[in-house]
Structures are given as structure tokens and as C-alpha cells.
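J.: Using the hints provided, position chain B relative to the given structure of chain A.
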Amino acid sequence: QQQVKQSPQSLIVQKGGISIINCAYENTAFDYFPWYQQFPGKGPALLIAIRPDVSEKKEGRFTISFNKSAKQFSLHIMDSQPGDSATYFCAASMGDYKLSFGAGTTVTVRA
Amino acid sequence: GAGVSQTPSNKVTEKGKYVELRCDPISGHTALYWYRQSLGQGPEFLIYFQGTGAADDSGLPNDRFFAVRPEGSVSTLKIQRTERGDSAVYLCASSSLGGVEETQYFGPGTRLLVL
Chain A
1 QQQVKQSPQS LIVQKGGISI INCAYENTAF DYFPWYQQFP GKGPALLIAI RPDVSEKKEG
61 RFTISFNKSA KQFSLHIMDS QPGDSATYFC AASMGDYKLS FGAGTTVTVR A
Chain B
112 GAGVSQTPSN KVTEKGKYVE LRCDPISGHT ALYWYRQSLG QGPEFLIYFQ GTGAADDSGL
172 PNDRFFAVRP EGSVSTLKIQ RTERGDSAVY LCASSSLGGV EETQYFGPGT RLLVL
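Chains as they are written, first to last, in this note's numbering: chain A, 1 to 111; chain B, 112 to 226.
FYI, nobody ran anything at the bench for these hints, they're computed from the structure. Misleading hints may appear alongside valid ones.
Selected chain B positions facing chain A (in silico; Cβ < 7 Å) [as the list claims (entries may be wrong)]:
hint	residue
1	G153
2	P154
3	L202
4	V211
Computed list of chain B residues with no C-beta within reach of chain A, every gap over 12 Å [said to hold, decoys possible]:
hint	residue
5	K122
6	F176
7	P181
8	Q191
9	R195
10	D197
Backbone N, C-alpha and C fix where the C-beta goes; we use that ideal spot for every residue, glycine too.
Bound-form chain A, shown alone (with noise of 0.2 Å):
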């Protein structure tokens, strides 16, 4: 049963473009959400996390989007360039280390 319900599966943007990916939860004990960038035949990598008193974090051209109250974060990814094709995963933990991680979008950037 995946705690974390991370959509689209996949998507293509245009360089320059601005890719969101989002998911949700339900487990309300969730408090750490991190991001992990995967390129194919490497491990994940993180991106950028949040914790739940905080609505938006921004580092260079990642900014994570969330809203306590409907149980959903996303992750925007500005000015999109060819590097950034990718897969990406949500995760989810409740104070612990134990990630719960969402299905991953594998996101495609045409130059």
C-alpha cells in the first residue's frame, strides 16, 4: 500500500518551461518531505525537502509547494532544462528515517 500517491507518471516539457510534479498523503504523522532526483542507472539523489510549518521552499530553480490542510506537496521545477530529464520522487517520513516514497515521474525536457 503506497502512503505516498505521487502523479503525473510521466511528462514532457519544453527548455524553459516549468515542470510541477505533486503528490499527496493521507498518515497526518508524516513531518519530513524530501525530493530525490534520479538519473537511469543511478541511485537517488536528494533534491530539496520541507517540513510541514513551513508553505514553500525555494533552492535555485526547485521550489517545493505545501499545503498542510489537503494533505498534498509539489514540486516546481522553473526554467526547465535538458539536465533536469529525469525521474523524480516524492517521499515522506514521520520523524524517523524510514521514507516512504511515491512512484516517481519521469519528467523529459525537449530542447
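T.: Chain B only, in chain A's frame:
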């Protein structure tokens, strides 16, 4: 080392055979994690080591799966009597202390194919 390394990178075996997958964490990291990633899915937690001991093995699917970390560094995931459903990428990660919100650094994974 520069990062988490895993060997072999690929493993093909026959149903019923025994396999061992190795993980070398980042030097000095006391926390080590194993995850399993099936095709088209996100990683699923298997087991967490703090030093030499398995602090949480709640994600191991059944008793055919076992992992060790005898000296608190290298870990081996062992799968007995492999089944076709065990085919997946097995990911290892490590973190400094295993605390909340610590970054987990993942290795490239071992792709296991059970024929």
C-alpha cells in the same frame, strides 16, 4: 570513498539459487539502509542498520531475506531460494548518524534478475 558503492552492478540468477549483494557505505557513516526498487516504482524500505546491529528490519518481505553488517561498515544483503518476484534493483544508502532529516546517500544499486 567518494560515495556509496554496490557490487555487483548486475546479477542474473536462476530461481531457487542463493545470492549476496554487497554495499560499501560512505566512510564514517554509522547508518546504513537497504531499499528495493521494482520497475516503475519508488524505492521500498527493507532494513536499517545503526552500526553493526539491525535497528529495524520491518521491511524485509519474508525470512528468505537477511542482511548483515558485522563490522559496522560493509553490509551484505542475502537472499535465499530466489523467486522471480525478487527481480528488482536493490539500493543501499548511508547517512552520518541515522537521525531525523539526515540526507541518505544512495548507491547506484544492484540489478537482480531471477530467471
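J.: Taking the hints in turn, state whether each one holds.
T.: Structure-based check of each hint:
Because the beta carbon of G153(B) sits about 3 Å from the nearest beta carbon in chain A, less than 7 Å, this interface hint is met. Evaluation of the P154(B) hint against chain A yields a held restraint, the C-beta minimum of about 5 Å falling below 7 Å. Nearest Cβ of chain A to the Cβ of L202(B): about 6 Å, under the 7 Å cut. The hint holds. Given the 7 Å rule on beta carbons, the hint for V211(B) holds: about 5 Å separates it from the nearest Cβ of chain A.
Separation of K122(B) from chain A is adequate, the least Cβ-Cβ distance of about 15 Å exceeding the 12 Å criterion. For F176(B), the condition that its CB be more than 12 Å from all CB atoms of chain A holds, with the nearest at approximately 17 Å. Distance check on P181(B): its Cβ is at least 21 Å (rounded) from any Cβ of chain A, clearing the 12 Å threshold; non-interface status holds. Every CB of chain A lies more than 12 Å from the CB of Q191(B), the least distance being 24 Å, so the non-interface label holds.
With a least CB separation of 21 Å from chain A, R195(B) remains clear of the 12 Å interface cut-off, as annotated. Non-interface status of D197(B) relative to chain A is upheld: no Cβ of that chain comes within 12 Å, the nearest being about 19 Å off.
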